Amino acid sequence: MTPDARPAAARLTTALLAAGVAELSASAKIHGVAGGLGFLSATCGCFALARYFAHMGDRVWMVVSAGVGVAVLSVGVYLGLNAGAQTETFNYVPTWISGAALWLFVAAVAARLLHLQRDAHVGAQ
1 MTPDARPAAA
11 RLTTALLAAG
21 VAELSASAKI
31 HGVAGGLGFL
41 SATCGCFALA
51 RYFAHMGDRV
61 WMVVSAGVGV
71 AVLSVGVYLG
81 LNAGAQTETF
91 NYVPTWISGA
101 ALWLFVAAVA
111 ARLLHLQRDA
121 HVGAQ
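Residues 1 to 125, numbered by the UniProt record's numbering, are exactly what the sequence shown covers, in order.
Don't take every hint at face value.
For each label pair, taking beta carbons as the anchor points, the in silico distance ranges come out as [said to hold, decoys possible]:
id : residue 1 : residue 2 : range
1  : G32       : A120      : 35 to 45 Å
2  : D58       : A28       : 20 to 30 Å
3  : S25       : G67       : 28 to 38 Å
4  : H115      : T87       : 17 to 27 Å
5  : L81       : I30       : 32 to 42 Å
Simulated from the structure, these hints should not be mistaken for lab results.
Since we're looking at a predicted model, the values are computed, not measured.
Where is the CB? At the ideal position from N, CA and C, for every residue including glycine.
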């Protein structure tokens, strides 16, 4: 017998369907809705930061914030449009790239804002 070369998620899906589990559980549905809300709030946060940086006159961070917001929003739309896709054929690469960009952006913004706050306190002394 040859080993199954499909990804583990695809094998699990096939096993669940063979076992008669044709419907998502309540926790799986909640996970999907919570993920959608989380990405929507991350998108809104990116656009709020773009507005903040525009107000502060920092064009580079404004453009980066808006760009990451558009990327996260577009991947959310991509996920929504492909919600019924089979696990074996779904392309997760845009999701991984967008997620990595989002987390790098969050870390960079945190460092930037911390730096700005430290500079404000040093100047006040």
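Each hint tested on the structure:
One distance hint, 35 to 45 Å for the beta-carbon pair G32 and A120, holds here, with the actual separation near 42 Å. Between D58 and A28, the C-beta spacing of about 41 Å breaks the proposed range 20 to 30 Å. Between S25 and G67 the CB atoms are about 36 Å apart, so this pair conforms to the stated range of 28 to 38 Å. A beta carbon spacing of about 42 Å between H115 and T87 contradicts the range 17 to 27 Å that was offered as a hint.
As the Cβ distance of L81 to I30 is approximately 21 Å, the hint placing it in 32 to 42 Å is violated.
Violation of the numbered hints given earlier is confined to hints 2, 4 and 5; the remaining hints are satisfied by the structure.
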